[in-house]
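S.K.: One-letter residues, chain by chain:
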Amino acid sequence: MATDEREGGSDRIETVEADDVDAADILGSAIERQEDPSLLTGEAEYTDDIQLPEMTHMAMLRSQYAHARLADIDTSEAEEMEGVVAVFTAEDLDVSGALPVGWDLDSLRNVDNPIMVEDRIRYQGDVLALVVAEERYQAHDALDAVDVEYERLEAVTDPSDALAEDAPVIHEEEGTNEAFDWDIGDADDTEAALEAADNVVELDVTNQLLIPNAIEPRAVVADYDPSDDLLDVQMTTQNPHVHRLLMAGVIDHPEHRMRVRAPDVGGGFGSKIHHYADEALVSWAAKQVERPVKWQATRTESYLTDAQGRGHETHGEIAVDDDGTIRGLYVDTKANLGAYLSTFSPSIPTYLYGTLLSGQYEIDNIYCEVTGAYTNVVPVDAYRGAGRPEASFIIERLVNRAADAVDMDPAEIRKKNFLDPDDFPYETPVAMEYDSGDYHKTLERAMEAVGYDEFRERQEQAREEGRYLGIGFSCYIEACGIAPSELVGELGAGAGLWESGLVRFTPSGTVRAMSGSSGHGQGHDTTFSQILANELGVDYDDIEVVEGDTDAIPQGMGTYGSRSAAVGGSALVESARKVVEKARKIAAHQLEADPEDVEFEAGEFQVAGAPDRSTSIQDVSLEAYLAHDIPDDMEPGLEATTFYDPSNFVFPFGTHVAVVEVDPDTGEVAFEDYVAVDDVGNQINPKIVEGQIHGGIAQGVGQALFEGAEYDDNGQLVTGSMQDYAVPKSFHVPEMETESTVTPSPENPLGVKGVGEAGTIAAPQAIVNAVVDALEPLGVDHIEMPLTNERVWRAAGGGDD
Amino acid sequence: MERTIELTVNGTDHQVTVEPRTLLIHALRDEMGYTGPNVGCESSVCGACTVHVDGEAVKACTELAVRAEGSEVTTIEALGDEDDMHPLQESFQEEHGLQCGYCTPGMVMTAAVFLEEEPDPDRAEIREALEGNLCRCTGYQNIVNAVESAAAEMAGAVEPATDGGTAVEEGGD
Amino acid sequence: MYPDQFEFHRADSVSEAVELLADNPDAELIAGGHSLLPTMKSGLASPDALVDISDLDGLSGVERNGEVTHLGAMTTYATVADDDDLWEDATVVAEAASQVGDRQVRNRGTVGGNIAHADPASDLPAAMLAANATVHVHGPDGERSVEIDDFFQGMYATAAGEEGVVTGIDVPEEGENTASAYVKKPAPASGYALVGVAARLTFDGDEVTDARIAANGVMDHGTRLPAAEDAIEGESVDADAVAVAGDAAGDSLDEYMVMEDQQASQEFRLQLLSAYTERALETVGERAGHM
Amino acid sequence: MEFSGTVSIDGTTTEEVWLALSDPVMIKQALPGCQFLVECEDEDPDFDALAASAPEEDPPTLPEASAEDIAERAFEEGGHYAALMEISVGSVSPSFETVVTIEEREFPRMHAAGEGSASSSSFEMSSGMELAESEDGVDVEWWAEADVFGRVAQMGQRVINPVANRVVGRFFDQVEKQLQDVSTDSESSGGLRSRVSSLF
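Top to bottom, those sequences are chains A, B, C and D.
Its first residue numbered 22, the first sequence is counted upward by one per residue in the numbering used here.
Its first residue numbered 243, the second sequence is counted upward by one per residue in the numbering used here.
Its first residue numbered 619, the third sequence is counted upward by one per residue in the numbering used here.
Its first residue numbered 1063, the fourth sequence is counted upward by one per residue in the numbering used here.
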């Protein structure tokens, strides 16, 4: 794939050092990340870097088959091997050992999800035995000495095959592989709309299974102190408190005697949200051997166990009148859930998917049905985007097909059906209330950046020369910061989706803040410090943000679903404001003024109209802790905690445009241009926003062109290493031109929306639309992802079938 | 089976006892405490384990420690420290060329020798040079920017490399 | 993952390496290690012993002997790819070496290890076939030379046999009227060749008088493409002749043994073979034009 | 993975081919990497014992062997056969302990199923063939279906197909070669054919 040598982005955002930023500008400045020096010098500590005295190493034996009965297992030889401390099988487990699912649906058939297999193997990642040994290599040696007898069963890997009548049943007690049957929208109205419309365009698409591929594999170090029954777990987690809660139940350990910490975490993309058997087993094993135990997944093990994403087979129908007005949308999806329910898996193909099907459009009638299916693949759960990319993909592909059907330009049909800025808040037929947006603006900016009219001329000319250029639009919408807790509870969530933030002044006037968010590369220390410096008027360098420690932080829900800024950031804002309010009272007391007359700006309290009567928040902090002279009814100290529960989701949006050239002889796709115009609301740190967009796009490019977890008919993962599963490399990803517009969200005090997943949601359909557009003269109307060279070549007429 | 080997890491002589099968990356991380280079894939693809062996970028997961006997190994720890970073480390920070940081030590070490060999690369050459280092966070663009701007910075620097030695190898830990 | 235990021998001479291999049928030779170690780490290979030849003097380096360039077996891809003279003398070999794996792999992997391993999807076999190289093998019966056309025998199987050590490769200098090229379609994940085509053409004026064209990734070993060679010989490298040669590329192959995996079907591999044969010939044609 | 093909052998008869393909010794010789192939009692034989007792040298096959000897040792429907298969692919050379069961054997059709396991990997196969007279001799129509499990399936994707192709390809090359020998011998002596025919 050719990468041109154009500068990346016409307006590259320059970073600045915090010292060079005026306090008033701290929010919105592209400050260099404070996280970076330790990451850049090897000083950072990831889980596998942790060394504890007497530490042992653990390895897990997984299944040779995706579906089998475990007839017999003999660990005697392994137990005798050099360095082996202990070998355990399900027989040794003395705890409940069943992984819970954190989201219920009315029709959900919940199934037992044991941390070690007693009898029935349902996917290759199932754990059959574990070995604890003195050294890593010894633990892995011993796995080969475990003798396992299997009775292989027929396997099924696709949801539609699993739902067929003659499919092997994975959870026999259920008698069916149907995990749930869910719908949203109005079936009758939608059917009527489809019947009444001038045209109905249909499309069947597969949204393939993807492997998240955080470059750091999952890892755990567990240390148990029997003298006070304390279990200290350090692990690769996006949400330590959630892991502590769930694991406490799985291994029957009191939650208050358990500490879960996230050291530096090397990426997550969803895969480190879920509670896996692995961390429960490491923790349990540490209690058994009463020595620290470390485990890090091998990459193949990650591929066999990290919850995968997507896995949809979807039939879509869009009703469009001849003038381009979209009348209705019908979507029927079969969703692959894998062998068991992962932590949040029931919510992904339902509430995070069906509710986004209105896209950026005014569509009066939408109906969506989703059938979840158990299969013999690894459990499927949230992966960057989680439900929203699937929704965006089917809409944006269908809109393109609708444009073809009525012979309209793909940009024009979008504009015709966009919601207008004054339509907000807008309630969709699929239960969402969009907060704010200006969809025309991002599309127009993108068209301008890409030179749309000029491109169409160039395309025409190229076609005459036998070259195939194409352009693809993706006008996406995202929903971040899933909320409020009461609503998600009604929808089936087993958790609240608030976030906690604690802001604590020290007596000397510096700030230590605790957030229940748990970053793993997003730069929370930097952005949260910016937020607090702005709110408190304290020097950026005098603020320390603490995340990822259940002992230090009140409670937390963690980082996923692009929620950290909108929810975690807002919690800190609210706490900062509480602190300021308390400080204002102390300041007023000290300045002998009415609190209402005391103004706060840039860290200074000042009596209105009396500039000489002022004090700093640092001085107030000292007073608060001295408590010699504070208001009578006030407790000493200066800190506040907030459990911020948002009133609604926030809805980032934007337009991405891909321009490609396709070689029909080889199926090769070369990027000519990639333009992204995103609106993620207010931006705390534009450089970090840009980085999130870039990374998201790269993963979208991966899905569109390269990636896919492939299983054979027996459920064997055949893309079992990085030699076989194509994580995009440096030259696979195009130079990206990123721009943004800013439409603040009215839903939170920062006016932010969320940016973590936008690129991944936006990119795939921009690229597929572009390739299909390029090959339109050859009669191509759809190609399944990933658009491998062979698929593109076949679609363009190559090959026999 | 085990044997004791001698090698120099970041300027320090080490004597370490390993099995013949012990991979260099595990000897560095587990036996000698150099946890800067990371293990990401084991299949010689991701490059998170990249270190310099006798001045060349090498995937330490695809080398046996016993074969590194007598070698000079340099890890990210020697490239620069937090108060005195290498131009590449500085440019990675300035250009936001890292997010989670797990691939970064390997990425920077590959880039460091690349810039010695090719002080004035274009963007396509940088992308080719980093083929053996996967990053899942950044989408590479800011990494390319970082290498590009470090190249400019290093070209303008007053200290030329002397007698074939490199700034990289002169670090110490 | 983690390799199984093995004994480690560092050979002091080629003869010692040959003896060690002969004495221990489950021993493997390790050169750069970039083919062997990944299979050992994944648990697929578990040799009882490794015989390391990386320290042997005289096995590495590039030497020019008249019209032949001798590549010591332990010469790294990077050394070959960075050798400006080789880009002149045997472009196809330098170009193929520059496309193996990535920078780090090229710094360690060796040309001898590459062809001895005989991975069907690696880059050097076709380049060596096109360059008409000669392989030096030291075996239990002493030293011998093997013409490259007789060297590759199957997947991971060569005329060096289990007990032979490849000590070096002679690459003849391309004459004044000869030009060559290597072009490759890498698999996106592994970087190995889905298809790689090496071509070396000798011209008399515009006319191709001799063609050596070979492919990687298509068959179970690097393979000459005689039908494409026949098609281009006697022609000039124009669009028509290139298209005919591209079409013919797969004709001489046993279709049954064409590789197939989830990356590319047999049918698509043959299509890529045609397209990349064309690209290789076009590139050689362009290069010849500048002579 | 599925494979199929037709092998044509000129100048021979279906009966001769049937007999040859019924001979475990000949099959053993045709299978690349096959260390031994012997009949066993059940589907769970002791491979160490079988390896120890396997004959050092193979008895003669057609055309040297007598038709009666071959008929004596021929595959039987319902019979189980144990084989040790070393599939060598460069440095990778797992030994698969394989048990094959003859599911159907009725002239001119045979169907066998088997499975083999090596350290952390295993395979299952099902294969069959049918003989048909052709103008010049005999067509052997064959098919095979193989599934691979475990480490080889995950890590060795890139080589499985070519290796399987090679095993199958070499097997039929070898069978064809041996059958050509048989037919050549029949033509020259004329004796074998009648001896074979008399067995049917």
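What the hints contain is simulated information worked out from the structure, not anything from laboratory work.
Virtual Cβ for every residue (Gly too), placed ideally from N, Cα, C.
Keep in mind that the hints are not guaranteed to be accurate.
[What the hints assert, rightly or not] One-sided and incomplete, this derived list gives chain A residues near chain C with beta-carbon spacing under 8 Å:
(1) THR319
(2) PHE439
(3) ASP443
(4) GLY630
(5) ARG634
(6) SER635
(7) THR636
(8) ASP640
(9) LEU643
(10) ALA747
(11) PHE752
(12) HIS753
(13) TRP814
[Claimed, not checked] Now the stretches of chain A that chain C is said to cover, found in silico as 3 or more residues with beta-carbon under 8 Å:
(14) 153-161
(15) 730-741
(16) 815-821
S.K.: Regarding the hint that SER635 (chain A) lies at the interface with chain C, is the smallest CB-CB distance below 8 Å?
M.R.: SER635 (chain A) check fails; min Cβ-Cβ to chain C is 60 Å, beyond 8 Å.
S.K.: Going by Cβ atoms only, is ALA747 (chain A) closer than 8 Å to chain C?
M.R.: Hint on ALA747 (chain A): holds, closest Cβ of chain C at ~4 Å, below 8 Å.
S.K.: Is the interface hint satisfied for TRP814 (chain A)? The criterion is a beta-carbon contact with chain C at less than 8 Å.
M.R.: OK, holds: TRP814 (chain A) within 8 Å of chain C, min 6 Å.
S.K.: Are there at least three residues in the region 815-821 of chain A whose beta carbon sits under 8 Å from a beta carbon of chain C?
M.R.: With 4 residues close enough to chain C, the hint holds.
S.K.: Is the interface hint for HIS753 (chain A) satisfied, with its Cβ closer than 8 Å to some Cβ of chain C?
M.R.: At about 7 Å, which falls below the 8 Å cut-off, the nearest Cβ of chain C leaves the hint on HIS753 (chain A) intact, so it holds.
S.K.: Quick check on THR636 (chain A) please, does its C-beta sit within 8 Å of some C-beta on chain C?
M.R.: At about 59 Å, which exceeds the 8 Å cut-off, the nearest Cβ of chain C leaves the hint on THR636 (chain A) violated.
S.K.: Minimum Cβ distance from LEU643 (chain A) to chain C below 8 Å?
M.R.: violated, 55 Å
S.K.: Taking 8 Å as the Cβ threshold, is the statement that the region 730-741 of chain A is covered by chain C upheld or broken by the three-residue rule?
M.R.: Holds, because 3 residues of the region 730-741 of chain A bring their Cβ atoms closer than 8 Å to Cβ atoms of chain C.
S.K.: Would you settle whether the hint for PHE752 (chain A) is holds or violated, based on the nearest Cβ-Cβ distance to chain C being less than 8 Å?
M.R.: violated, 10 Å
S.K.: Next item in the hint list is ARG634 (chain A). Is there a CB on chain C closer than 8 Å to its CB?
M.R.: With a closest approach of 66 Å, the ARG634 (chain A) hint is violated.
S.K.: Can GLY630 (chain A) be said to touch chain C, with a Cβ gap under 8 Å?
M.R.: It is violated, given that the least Cβ distance between GLY630 (chain A) and chain C is near 68 Å, above 8 Å.
S.K.: Interface hint check: ASP640 (chain A), Cβ to nearest Cβ on chain C, cutoff 8 Å. Holds or violated?
M.R.: Violated. Min distance 56 Å.
Checked against the numbered hints given earlier, this structure breaks hints 2, 3, 4, 5, 6, 7, 8, 9 and 11; the rest are met.
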